[in-house]
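Peer 1: Spelled out from the first residue to the last, the chains are:
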Amino acid sequence: EAGVAQSPRYKIIEKRQSVAFWCNPISGHATLYWYQQILGQGPKLLIQFQNNGVVDDSQLPKDRFSAERLKGVDSTLKIQPAKLEDSAVYLCASSLGGLAGTFQETQYFGPGTRLLVL
Amino acid sequence: EDKVVQSPLSLVVHEGDTVTLNCSYEVTNFRSLLWYKQEKKAPTFLFMLTSSGIEKKSGRLSSILDKKELFSILNITATQTGDSAIYLCAVVNSNSGYALNFGKGTSLLVTP
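These protein sequence lines are chains A and B, in that order.
Throughout the first sequence, residue numbering follows the numbering used here, covering 9 to 126 in sequence.
Throughout the second sequence, residue numbering follows the numbering used here, covering 16 to 127 in sequence.
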């Protein structure tokens, strides 16, 4: 079974530039999560989708971050404009839970995108 | 606000030692606690615990949950250099969409 795919693996940009990350979850997984992991910290949830609907985006800095999952499969996370403090690893995870409002705790993570903002 | 505190934050041991990693939590509507291992890439799932006192085991790793005292431990016996990683503890609040609320992790280094 293929795991969660993410790209790019690394990205270096200057502050105020924009950047986008892509995630393809495990086939059949309805729920998709984006986490931000700053060096020395545990991952922090940015946004959660179930199919193509947003479940939780309360911790997403909406003035600069946006995310979409238009067809309920792949997802993109965008930062525009980037700040120095956005330097982090961006992890995508997926889990089963297809029925609306039902979820499963066990999440499977992709390899992450390491972003450095200069 | 839900809290997860892991200790120690870092640990250095010799191969063959046994280690115990700690995770304490405060969560309004506890559903489950999960352990993940993170090497240089994706966190990989180790255990999910929902009931007190029931030990989960996988090879040299084991974990147990105490819902009364609000903590969990992860034990690794006969450590190997391949156990070197960051071990993450996360709790799930049943009021949320089951997003994981992580601690800072424990960085374990096993030396030959």
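Keep in mind the hints are simulated off the structure, nothing from the lab.
Just to be clear, a hint being listed does not mean it is correct.
What the hints assert, rightly or not - Here are the computed lysine-lysine pairs in the DSS-like style, where the Cα-Cα straight-line distance is at most 25 angstroms:
# : chain 1 : residue 1 : chain 2 : residue 2
1 : B       : Lys55     : A       : Lys86
2 : B       : Lys18     : A       : Lys70
3 : A       : Lys52     : B       : Lys55
4 : A       : Lys52     : B       : Lys56
5 : A       : Lys91     : B       : Lys52
As the list claims (entries may be wrong) - Here chain B is said to cover these stretches of chain A; the calculated rule only asks that three of the stretch's residues, wherever they fall, bring their Cβ under 8 angstroms from a Cβ of chain B:
# : region
6 : 26 to 36
7 : 79 to 90
Since the structure is predicted, the reported quantities are computational estimates derived from the model, not experimental observations.
Every residue, glycine too, gets a C-beta built ideally from N, C-alpha and C.
Peer 1: Now tell me if each hint is right for this structure.
Peer 2: Quick rundown of the hints versus the structure:
As the CA atoms of Lys55/B and Lys86/A are separated by approximately 23 angstroms, the hinted pair is consistent with the 25 angstroms bound. For a cut-off of 25 angstroms, the pair hint linking Lys18/B to Lys70/A stands: about 24 angstroms separates their Cα positions. This hinted pair checks out: Lys52/A and Lys55/B have alpha carbons roughly 18 angstroms apart, not beyond 25 angstroms. Restraint check: the Cα-Cα separation between Lys52/A and Lys56/B comes to about 16 angstroms, which is no more than 25 angstroms; the hinted pair holds.
Restraint check for Lys91/A and Lys52/B: the C-alpha separation of about 29 angstroms exceeds 25 angstroms, so the hint is violated. Remark: the region 26 to 36 of chain A is not confirmed as covered by chain B, as 0 of its residues place a Cβ nearer than 8 angstroms to a Cβ of that chain, below the required three. Evaluation of the coverage hint for the region 79 to 90 of chain A: breached, as 0 residues show C-beta separations to chain B shorter than 8 angstroms, against a requirement of three.
The earlier numbered hints that this structure contradicts are 5, 6 and 7.
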